[in-house]
Amino acid sequence: DAKTTQPNSMESNEEEPVHLPCNHSTISGTDYIHWYRQLPSQGPEYVIHGLTSNVNNRMASLAIAEDRKSSTLILHRATLRDAAVYYCILRDGGGSNYKLTFGKGTLLTVNP
Amino acid sequence: EPEVTQTPSHQVTQMGQEVILRCVPISNHLYFYWYRQILGQKVEFLVSFYNNEISEKSEIFDDQFSVERPDGSNFTLKIRSTKLEDSAMYFCASSVLRGSYEQYFGPGTRLTVT
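Going down the list, the sequences are from chains X and E. Add 8 to a position in the first sequence, counting from 1, and you land on the number used in the numbering used here. Add 3 to a position in the second sequence, counting from 1, and you land on the number used in the numbering used here.
Keep in mind that the hints were calculated from the coordinates and are not lab data. Using N, Cα and C, we set each Cβ at its ideal position, and we do this for glycine too. Do not take every clue at face value.
[Unchecked claim] So the derived label-pair ranges between C-beta atoms look like this: (1) X:21 x E:73: 48 to 54 Å; (2) X:38 x E:45: 22 to 28 Å; (3) E:99 x X:29: 26 to 32 Å; (4) X:74 x E:44: 34 to 40 Å; (5) E:10 x X:27: 36 to 42 Å; (6) X:61 x E:83: 43 to 49 Å.
Start from the sequences and build out the full structure, keeping to the hints where you can.
What follows is the structure, encoded as structure tokens:
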């Protein structure tokens with residue numbers, strides 16, 4: 009799996025936007041960019057994924073650089089419930105790779 | 004909203020005993036997975052399962068581990084002879100398809116081996 013690099017931790021204030029960066033300079037053409045998060049004492053939770061174009065869903069937005077070597081997960085208004093570890097994961101959409109390979113992720117702290 | 008469920012939430016067992024962890028994936032999903040997370044460490048892939056056979060497994064998934072889909076709803080992970088280092092959170096996940104599609108995780112089973 010191609011490697012991703014994320015900051016160990018970030019801090020935000022409640023109701024402010026949060027931009028979580030991810031670098032993936034060795035991404036291949038068939039790799040999808042996935043974001044998951046893990047709230048304390050829970051299983052990982054799917055957030056969003058994309059290939060080339062920016063994506064929006066009810067939880068977040070995903071901004072993908074034009075060269076696809078980096079991406080940013082955007083939480084438009086952070087809440088206390090968004091405090092979690094956020095994982096940026098690359099998955100080959102065309103191959104036989106079924107698994108998710110988790111790194112250490114970014115620990116997001118949301119201040120009230 | 005459909006969700007993956009896992010039982011039990013916490014299992015305590017003695018070293019050398021067999022344990023079976025149970026999962027009920029989302030009903031229309033076709034791909035099933037087990038992951039584990041040792042306390043304070045990364046989430047690690049164990050095995051994926053499709054069409055009643057293992058699709059992929061990690062180095063962790065040795066002969067002590069097995070998976071089974073005994074009926075149309077359950078998906079189980081068996082550890083034949085537990086070791087202290089098997090103590091971890093075990094997460095089941097399922098997905099509609101493979102590849103780019105999202106995986107839905109259960110709440111996990113905390114396995115404690117004494």
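Hints, one by one, checked against the model:
1. X:21 x E:73: 48 to 54 Å: 49 Å, holds
2. X:38 x E:45: 22 to 28 Å: 24 Å, holds
3. E:99 x X:29: 26 to 32 Å: Given range 26 to 32 Å: holds, Cβ gap about 29 Å.
4. X:74 x E:44: 34 to 40 Å: 35 Å Cβ-Cβ, so the 34 to 40 Å window holds.
5. E:10 x X:27: 36 to 42 Å: Hint holds: Cβ distance 39 Å, inside 36 to 42 Å.
6. X:61 x E:83: 43 to 49 Å: 47 Å, holds
Hint violations for this structure: none, all hints satisfied.
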